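Engineer: In order, the protein sequence lines correspond to chains A and B. Our numbering applies: residue 1 is where the first sequence begins, and numbers increase by one. Our numbering applies: residue 1 is where the second sequence begins, and numbers increase by one.
Don't read these hints as lab results, they were simulated from the structure. Note that the coordinates shown come from a computational prediction; the quantities given were computed from them, not determined experimentally. Even for Gly, the Cβ is constructed at its ideal location relative to N, Cα and C. A few of these clues could be false.
For the chain B half of the interface with chain A, some residues (derived, Cβ under 7 Å), not all of them [unchecked claim]:
1) A80
2) C81
3) A98
4) L100
5) Q188
6) I191
7) R194
8) Q290
9) S404
10) Q409
11) N465
12) Q470
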Amino acid sequence: MDGHDVVEATLAAGATIAIAATTSAANCRWANNSLTTNGVERALSCTAIAVEGGAVGSEGLDVTALDDCRRAAEWARAAARQAPPAADAFALLGPADAPAHPAPAAGPAGAESLRPLVDPLAAVLERARRDELCCFGYAEVQAATEQLGLTTGLRAGGRRVAGTVSMTVKSKDLRRSAWVGAVAADLGRIDLAGLYDRAAARLAWAQRQVELPAGRYQVILEPSATADLILRLVWEMHARGADEGKTAFAGPIGPRVGERLYAREVSLRGDPGADGMETPAFVRATASSEYSSIFDNGLAVAPTTWVDAGVQQPLMCPRAWARDHGHPVRPPTDNLLMDGDGPELAAMIESTERALLVTSLWYIREVDPTTMLLTGLTRDGVFLVEHGEVVGAVNNFRFNESPMGVLARTLEVGRGEPTISREVGGDVLISAPPIRVQDFCFSSVSDAV
Amino acid sequence: MPELDADFMRLPQAELAGAALDAMRRVPGLDYGDFRLHRDRIEYLHVKERELEAHQQLHPVGFGVRLVVDGAWGFAGNGACTPEAVRQAVREAAELAALLRPLQSERVELAPEPCHRQTWIAPALVDPFEVPLEEKVSFMQTVSDRLLRAGAEFSDFMTEAVVESRLFVSTEGAEIRQQRTRVHPVYQAGIRDRAGSGLVETMRSDSRPVGQGWEYVRAYDFLGEAERSVALLQEKLRAPSVDPGPLDLVIDPSNLWLTVHESVAHGTELDRALGYEANFAGTTFATPDQVGSLRYGSELMHVTGDRLEPQGLASVGFDDEGVAAQRWDIIRAGILVGYQLNRQMAHRFQQARSNGCAFADSWAHVPLQRMPNVSLQPNVDEDVSLEQLLAEVRHGIYIVGDKSWSIDQQRYNFQFTGQRFYRIENGRLQGQLRDVAYQSRTPDFWGRLAALGGRSTWRLQGAFNCGKGQPDQVAPVSHGVPAALFRQVTVLNTHQQGR
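Chain B on its own, in the form it takes in the complex:
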C-alpha cells in the first residue's frame, strides 16, 4: 500500500491550512471558503528509435483558496507555500469577489455535503518515481530495438507518470488528504509507404493510460506486441482503401471509449447544459428539461458515472469540493436520466447532494464541474463475445484503437478514425482496410446500436488530457466500454477527402 508522498507531507500543511482558515474567518460577509494544497510529481520520457530524446521531471507545488463572499466567488492561487502568501491570496480572493460582484446576478449557493476528515490513497504497487531511470530507459530502448529489428523504420516510445497529492480543508470543517498515481506508456512504430504516398504510416501499441503505478508497464507485454505491431503495420500498408458509404461497424472498446467520451460524457455535463461553457468548450443538445424523456440512443444503452472504478483515471476518494465518490446512472434504457454535478450545479438542479464531479487540474485553477469515469455497461443478460458480434455482420468494418477525433460544440456531429480497420464479410474478418473515418450525429449513432458485447469484452480505456474551461484545464478520465455493433453508419474515405 503506498504512503502519502514524503515531500508533500514535509510541507507545513497545518500552518498553511491554519493561516488560510484564520484569514478566511476575518473576511466580512464570508459564506464559504476552502483551501487546496497540491504537490504533484510528473515525469515525461521519450525514447526515439534507440536514443533518449527527452526526459523531464516536474514538481508543481502550490495552493488555491476559494471563497464565497456575499454570494460571490473569489479565487486566488500561489506557488509560494508560505503563510504570508496564503494570507495575501485570501485577501486577493476577497478583493476579486467584491470587485466583480456587480457582474453577478445570482448568488452562489452550494448543495450540502457531510463533513469528511479522511485520508484516501489510490492503490499503486510500484511508485513510478522509485523505479531507477536506467531501468525505465533501458526497457524503452529494448522495446524500440524490437520494433526496429522487426522492420519498423521509426519508433517513438513515450511514458508519462504522475503522482498527485492534495490536502483539502474548508470552513465547513472538512480535512481530506489524498493521493492518486497514473501512468501512460505508449509506443508508435512507423514505416514508409513506398508504394503509396512515400510518407510514413504509423501504428500505436494497444497499451492504455491507467490509474496504476509502474507495475502496469512491467506487466504489459510490450515486447510481444512489438513484432505484432510491425506485422500489422506492414499489412496496413498493403491494404485497400475503403469504399465509402453506410456500413455496419463493430467497434472495439479501444476505439469506442473515445466516442463515449465525446458524444455521451461531455454531452451530459450539467455546466455545459446550463451554458457555462458556451463561449469555449460548448453546450449540449441534452438539456435539463429533457431529463427522463430524451432518447439518447438504443434501449441497450446503460451509461453510468462514477468516481469509484478501480484503476479509473477519474477515481478519487473525494472530489475537489470535499464530496465523497459515488456511482450513478446517466442514461438508462437509452433515456437521459442524470447529469454530472458539482455542489453549485447540484443546488441549481435542486438535488440534495452533488455527485462529486468537481476537479481542478492545478493549484492555480478553480475547480470546475469535470467528467467522472463515464462508462457504457456491457450486456448483462449474456456474455456476448466479439466473435458473436462479428457473426451478426454480413458486410462491414471492425475498428480497433483511437486516432483522430472531433465533435461539434453541441455534441451532435462527430468524426472518428482509428488505428486499424478490418473488413468483415459474412461474419468473418477479411484483412485490413485503409483511410477509414466514421461520421455521425450523436442520437442517430447511438440509435443504431444493435448489440453489446458482454462483460468479457468490457475494458477500461481513457486519457490524461481531457480539456475544458477557461483558463484551459486538463483532466484524466476513464471510460469502461464493451465491444458493440452499430448498423449502417456513414463511413468516409479520408484519402478522397484530402484530395
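In isolation and in its complexed conformation, chain A is listed as follows:
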C-alpha cells in the first residue's frame, strides 16, 4: 500500500479530493558531548475532502489499511453535509491544470539514514572533550512524498527531502557560546567537522568579552538571522490581510504592491524546482486560509518572485479572493530564496569599519502587525567587528525591529547559501545571504549566554 493506493481508495469511497503523505524521519540529539535522545518515525496519512453543494468537509487520519480511507471519505462527506456553503467555493481544477512532471517518490528515512553521521559525530564529540568544550546538537533527516487526486481526474505528486544539523558549542564554564547550522538533501553531505571548526573559531573570538549598551548599531546578520526575518516577512505577504488593513502591506488605496519597500539590493523568491531545495510544485490545502483555498488543490506552483530589486511584487492570493478583489492568483511557495551574489561573509567583515556580527535570532514574536514590529533576541554569537576584524564577543540583546524596516535599511547583501532558521529549523527550506543593516534597534541587554 502506498500514497497512490490511498488517493485512489479515498476517491473511490466518495471523497472529492484526496491527499496522501508518506513521511519518514530519523533524528538524534546530543548534549554535554553525549547522545541524549533519538527516534525514527514512519506514517502514511490521508486527507479526504468532500465538496457537496459548495460546502466542505475535511478529515485527516493515519492509515493502517485502505479501509481507513473509506472511513475518512465517509466522515468528510458527513461533515460537508452539515456545513454551510464555503465562501471561497470555486470550480475544481482538472487534469490539464496539473504540474507537468510529477516527481518520483522520496526514499524512506530510517535508522540507517543516521549511519553516515555516527563516525563524524563521534570524532566531533571526542574533539570537544579534548578541547574542554561542551557540544550540544541535533541532526535529522526527513523524507516526504505527497500525492494528490481530484475526482476531476487531476493527479499530482511531489516530494521533499531535507537533512539538517545544528550545533551549539560552549566553553566549559558556559560563559562563551556559538551556534552553527547546515542543511542538505543528504545528511552525509554535511561536514560536521567543518561545522565544529566554525563554532570553535567563534569561541576563540569570544576570548575577549566586550559589554555594549542597548542602542542602534550597524549589524551584519549571518544567513540564519536573515532567514528568520525574511521568513516572517513572507508569512505576512497575503493579499487578504492587506486588503482588510490587517498587515503592514495595506496601503491607503490597496496593497502596497509595486512600491519600493526595501533596499534595491533585496530580492526574494520561491521556486519548487530550486536545485537541492525541491518542494512539491502544486497546492495541497487541507483547510482554507488566507494563503490558499481548499478549492485550489492541484494548482501549479511556478517559480515566483515576491520582491524584485526592492520592489514589492503581488502578494499570495487564492483564486476566489483574486476573482473577488481583482488580484492575480499567487499560490504560496514552500521554499524561500533571497538572492545574493555579493561578497562572502569573511569579505564583508574585512570591509567593515565598525559593526556587530549577529549569528542567530531567537524567540521572535509579533508585537504590532500593522507595522510588522517584531521582538526577539540575539543568541549564541554577537561579535564586535572593528577595522576589518572581529575583536571580541558582545553581550546578547533584545531587539524590536520590523523586517520591512530592516530590509529597507539594508546596505549590502552578501552571498546566498542554504541555511536554517534557528526557530523553525529545517521545516522550511531557505537560502539566504548575510546582510549589512544600518541602525538595527536593540532595546535592552540580555544576560543570557
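Knowing the structure of chain A, use the given hints to seat chain B on it.
Structural biologist: The following block gives chain B in isolation, referenced to the frame of chain A:
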C-alpha cells in the same frame, strides 16, 4: 462521566501491546521497554465574519516504542497499527540504540516507579465530537453577528477541540489507559483605526483554553462579552499612547499566567538546567547547584507544580512514563526548592521518584520532560481583592489579557504586551492606554512583586501550544495565577519602538 473513545477501544490493543512486549523481551541486552498507543480526535473550526472559513478534523493514530538497550535509548514510531509494524519498530529502535551507543557516554538509568494498572479519564460533561457541527457553526455565526452588529468590522471566531486517548504498557508490568478532553474557543474583533494608522486594531475574548468538554463553550457568555469587547476596542482606539518609563503594574491573571509560564515554569525544567535543550529551547539561570539558595523573587512567591489540578491542561492520571500524577513545591518564600522531572532526570538528580513530567505530543515522538501545571499560589493570609491591589498604586497600569511574548534562552530578559491596559491614578482606573509593553529580567521582576491577590482573584489560564524539543513538540499546560502588584517595572512604548 465520559467513556474511553470507542474507536480507540476498537484498536487491537491487546494484540499490539502483546506483540511489542514479546518483541522487546527478545532484544538482547534490553534494560527497559515501553509501548504507547495513541488515538486523538482533533477539530478546528474558524468562522470569519459570518462565513465558515475552515473546518477540519484530524484523527492521528499510531504507536511508539521506547527501549533502553545496554544503557542506550532507541525509539521508533509508526502510524500503521499492525503487529508486524510493531515488531518492525521494536527492531528498528533496538538497531538505533546499537548504532548510536558509541555516541553516549553515560548509561540511561530510570528512577523507580510503582507499577500501575489503571484507567483514568478526565471529567468532561459534553464530548465536543458529539455536538452536531451545525450547532457549533451556528453558535459561532451568532456570536460573530453580535460582534459585527456592535460595530466590529472584522471578526474571527476559532475553536479547537481535542480528545486524546492513550494506552501505555511497559516491560515493568504497567498497563494504563487514559483519556483527556480540552477545548479552546476564542474570538477576535477588529476595527480600523481611522484616526491613526488606518489599519486594524483588534481585541480578543477573555475565554481561555480549558481541560473541559463543550460544556465550557455553552456556559461561557460569548454573546454578552461580544458587545463589551467592541465597546472596549472602540475605547482603545481613542486611548492615548503610553509614556514609557518605570511604572507600578497590577497584572491580571489573564496576562500574568504567560509571564509565569515563560519566566518560572520553563526556568525550572530540569532538562534545561542540565543542558538538554541548550541547542534549541535553551537553558536556565536556575541551575541545580542553587536549589535551596537561589532567590527567584519576593518572599511572597509560592509556586507549585502539579498534574492534578481539576480542568488543568497538563492534568493526567499518569505521565507518559507511567508515573502517577503528583503536586510539589518549586519555589517557596521566593527560593528555588524544586524542579520538574522525568524518570531519567529524577535518577540523575538523586531523587527517589520522578514527579511525573514526561509527555510526548504524538505517537511519533519520544516523551520529553515537559511542563506540568505550574501555578503561583494566591495570598493565603487574606483574600485581597483586585480593588485592594489597585488601591496600593498612585500612578501605574493595570494589564489584562496576553498578546505578544518573548524571552531569552536562559530565561532572563523578557517582554510582554497585552490585550488591554488601564491607567491607574491614585488607586482608580482612569481609562485605557495604547502601545504598552513591559520588559524586565526574571529575578528583578519577581523581586518587585509587592502584593498578591487572594483566592478570589486566582484563575486557571493556559495554552495548547507550548513548544520545546527537537523534533519540535507542543504540549497543553495550565497555570493558576492570582492578580498581583509589581513595583517600578520598565514599560516601553511599542509604537515608538517601531519607528
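Engineer: Now tell me if each hint is right for this structure.
Structural biologist: Results of checking the hints against the structure:
For the restraint placing A80 (chain B) at the interface with chain A, the shortest Cβ-Cβ distance is roughly 5 Å, inside the 7 Å limit, so the hint holds. Interface hint status for C81 (chain B): upheld, as the beta-carbon distance to the closest one in chain A is roughly 5 Å, under 7 Å. For A98 (chain B), the interface hint is violated, the least distance from its beta-carbon to any beta-carbon of chain A being 9 Å, above 7 Å. Interface hint at L100 (chain B): satisfied, since its Cβ lies 5 Å from the closest Cβ of chain A, which is below the 7 Å cut-off.
The beta carbon of Q188 (chain B) is not positioned within 7 Å of any beta carbon in chain A (closest approach about 10 Å), and the interface hint is therefore violated. Evaluation of the I191 (chain B) hint against chain A yields a violated restraint, the C-beta minimum of about 10 Å exceeding 7 Å. Taken as an interface hint, R194 (chain B) does not check out: its beta carbon lies about 10 Å from the nearest beta carbon of chain A, beyond 7 Å. Among the interface hints, the one on Q290 (chain B) is violated; its C-beta lies about 14 Å from the nearest C-beta in chain A, farther than the 7 Å criterion.
The beta carbon of S404 (chain B) is positioned within 7 Å of a beta carbon in chain A (closest approach about 5 Å), and the interface hint is therefore held. Interface hint status for Q409 (chain B): upheld, as the beta-carbon distance to the closest one in chain A is roughly 5 Å, under 7 Å. A cut of 7 Å between beta carbons decides the hint on N465 (chain B): the least distance to chain A is about 13 Å, and the hint is violated. Residue-level restraint check for Q470 (chain B) holds (minimum Cβ-Cβ distance to chain A is 4 Å; threshold 7 Å).
In this structure, the earlier hints numbered 3, 5, 6, 7, 8, 11 are contradicted, and the remaining ones agree with it.
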